[in-house]
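Engineer: As they're listed, the protein sequences go chains Z and W.
For what it's worth, our numbering labels the leading residue of the first sequence as 1, then goes sequentially.
For what it's worth, our numbering labels the leading residue of the second sequence as 1, then goes sequentially.
Just so you know, these hints were derived from the structure itself, not from any lab.
All values derive from a computational prediction rather than experimental measurement.
Keep in mind that a hint or two might mislead.
[What the hints assert, rightly or not] DSSO-like mimics (lysine-lysine), calculated; alpha carbons at most 30 Å apart, straight line:
id: 1; chain 1: W; residue 1: K126; chain 2: W; residue 2: K299
id: 2; chain 1: Z; residue 1: K20; chain 2: W; residue 2: K63
id: 3; chain 1: Z; residue 1: K61; chain 2: W; residue 2: K178
id: 4; chain 1: W; residue 1: K178; chain 2: Z; residue 2: K328
id: 5; chain 1: Z; residue 1: K261; chain 2: Z; residue 2: K288
id: 6; chain 1: Z; residue 1: K61; chain 2: Z; residue 2: K20
id: 7; chain 1: Z; residue 1: K363; chain 2: Z; residue 2: K288
id: 8; chain 1: Z; residue 1: K232; chain 2: W; residue 2: K63
id: 9; chain 1: Z; residue 1: K261; chain 2: W; residue 2: K29
id: 10; chain 1: Z; residue 1: K194; chain 2: W; residue 2: K178
id: 11; chain 1: Z; residue 1: K20; chain 2: W; residue 2: K299
id: 12; chain 1: W; residue 1: K20; chain 2: Z; residue 2: K261
id: 13; chain 1: Z; residue 1: K194; chain 2: W; residue 2: K20
id: 14; chain 1: Z; residue 1: K363; chain 2: W; residue 2: K63
id: 15; chain 1: Z; residue 1: K280; chain 2: W; residue 2: K29
id: 16; chain 1: Z; residue 1: K261; chain 2: Z; residue 2: K125
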Amino acid sequence: MQAFITRETLPSLPPPSTLKGPIAWMRQNLFSSVGNSIVTVVLVLGILAALIPFINWAFIKADWIGTSRDDCTSGGACWVFVYVHLKLFMVGLYPESEVWRTILVGAILVVTMAGLMIKGVPFKKYIQIFALIAFPIIAFILLSGGAFGLPHVETNFWGGLLLTLVIAIVGIVAAFPLGILLALGRRSSMPIVKAICVVFIEVWRGVPLITVLFMSSVMLPLFLPEGMEIDKLLRALVGITLFQSAYLAEVVRSGLQAIPKGQYEAANALGLTYWQGMYKVILPQALKIVIPGIVNSFISLFKDTSLVLIIGLFDLLATIQGAFASPKWLGYAIEGYLFAALVYWVFCFGMSRYSQRVERSLKTTH
Amino acid sequence: MADPNLSATPPQAISTLPSKPPFWNDPQKRALVFQILLVIGIGLLLWFIFSNTLHNLDKRGIKTGFDFLDRPAGFGITQSLIPYTEASTFGRTFLVGLLNTLLVAGLGIIFATLLGFAVGVARLSKNWLISRVALVFIETIRNIPPLLQILFWYRAILPLLPGPKDSISLAELFYLHKRGFTLPSPLFEPAFIWTFWAVIAALVLAFIMSRWAKARREKTGQQFPVVWTAVGIILVLPLITFFLTGSPLNWDIPALSGFNFRGGLTVIPELTALLLALSIYTAAFIAEIVRSGIESVSKGQSEAAASLGLRPNRTLQLVIIPQAMRVIIPQLTSQYLNLTKNTSLGVAIGYPDLVNVFAGTTLNQTGQAVEIIFMTMLVYLVISLVISLFMNWYNKRMALVER
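Excised from the complex, chain Z in its bound form (with noise of 0.2 Å):
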């Protein structure tokens, strides 16, 4: 009798093709079942009917670069629109010998952005200080002028994404501290003091922005004793403040309560005072868990500066529809409409994933 034994090992052979690989991903995510291949089918042809018309659209039969609508000949999409607007979408009406400025305050703006989000970056106090301290009144000087040999320059010519941005930041800087005592008020124990900040917060939240809006361009000039002025943009962001505390206030609430009751008791057995215990051991905390919180309400906000076109100022948005309509550049509505969309959705998507990866960097838990 003679038996047949295998002394070594075979080699393993790799898996079949249908279990790995591109081939099974496609097996597995695209054509399971009849259903779903059928599907996906559909979905590539309508997609693929979609897209090819659009791509040769906006750039393979599109003009970039021109001086006048008689350069886009190619029957695409006339980016000589957004081209010769650059510098009217980007600033608005803002001197064109003072440019620099606006250029120099986005250049503080984005490395102090930049030295705040990055990992790693040493300083990182000081640089919060400056940037809720200092920059604004840097920005403020450079912008406005009117010091240090500056010119100055009436609010009236800042327009475009300038404005949008000037208006977004004011927006939520100006009304940070003020959601914080709205907080704080809105939890304290002293019951007139609940009882107005639950109302001045519900009333903000509850009424759309234009109303505000209409509220403090209309309203605003009315409350002020005789004489006295406020420029349109400054009514806007008196508005936007205080209808942003609102909200802010509500997002600095969510963190005060997600902070442990023992946090405060120790606070209090310390002997800390109740503006110690809150500056020293609680809104550190909870202000560190709402920052994704407070990015997004800051991303709706860039989105709601669109709406101050209703009142008659000049933002991105109220900059491109202005150009358009002049009738040298008649009907070219969808290259400027596409072109603001492409400059909110990269704030606001930025944004967005920023706030997701301080989300997922401060879940310590499972």
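Assemble the complex: chain Z is given as a structure, and chain W must be docked to it using the hints.
Structural biologist: Positioned in the frame of chain Z, the structure of chain W alone reads:
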């Protein structure tokens, strides 16, 4: 064990206990003083604002009060759900605007919910392509301001449509063109009221039936096909009534005459654009809510249901959806509220909503800024108050009953 020393404590020791703190160190009294000061401060601020406003209005010759609501408006409105002419009062203008706002809000909520749930479910699809397409839709739409989307539809896309003469028509009944969307309008005869009552009766009947079926299930454990019976009742009863009363409904079919349509109902392009933009914008948010709601139900739940022998669709119906809804509904109501507030953006394209005809045109004509802004804000406040009351009621009903 009694300590003899304790009872012998000399009375002087008690007097060394701290006496009552001075009133400025008593937290309760401090709180009281602080609150009184706060009230006085806010009172002074309000008085300052109030007196300035009165003075300023006086100087401009504007009489305060709500008398202006009875004065004739003198301007037309492009869309009105109730009879309205230029001779109507400003009070009537307010009503027209309010109804137009509610119309967009109501229709928008329906469309946004349908689209949002569809996209949300698509986002969870096992088919990679479907879920990616849904993701791209959500991330694109959410990050573009709603105002921009409204303007895009109204000023970039709708003008591309053909004029009424060569409009895109569907079965010679529906026409899509530059000036709007024309469709047949129903003409109700008086006998139609019976069909209306039949619908109400059917709804009540279906409700009673579902209560009965639930009570029976809890008593005997027997299932009853509630959904199918309810659909049957709600469809059959009104249909029978409709035909018994002699089909009291006609359609006014639109027909092209000259450069415009005669008859039928034309939805103005402002409404179409506003509705499209707001439905799509809100749907992107609803889709995310639906996705997170369904994902919040832990996998163990569906495994437990499977091990109890429930079929997949029963699992979905009895286990997943009820638990997901607990997460979805509160966020959904706040999206509905956002949509309602966003209808005010219609002012940018001239849709005659409350903000446009009342806080816009009426304010410009009368100058009664304070009263008008107050009334407009009050409307939105009441709407959000009603919705948040509903939400509290729902949360209380749905809260987990824990032992």
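Engineer: If a hint holds in the structure, say so; if it doesn't, say that too.
Structural biologist: Results for each hint:
no., hint, verdict
1, K126/W to K299/W, "holds (16 Å)"
2, K20/Z to K63/W, "violated (81 Å)"
3, K61/Z to K178/W, "holds (27 Å)"
4, K178/W to K328/Z, "holds (24 Å)"
5, K261/Z to K288/Z, "holds (17 Å)"
6, K61/Z to K20/Z, "violated (41 Å)"
7, K363/Z to K288/Z, "holds (11 Å)"
8, K232/Z to K63/W, "holds (26 Å)"
9, K261/Z to K29/W, "holds (25 Å)"
10, K194/Z to K178/W, "violated (53 Å)"
11, K20/Z to K299/W, "holds (26 Å)"
12, K20/W to K261/Z, "holds (29 Å)"
13, K194/Z to K20/W, "holds (28 Å)"
14, K363/Z to K63/W, "violated (59 Å)"
15, K280/Z to K29/W, "holds (25 Å)"
16, K261/Z to K125/Z, "holds (27 Å)"
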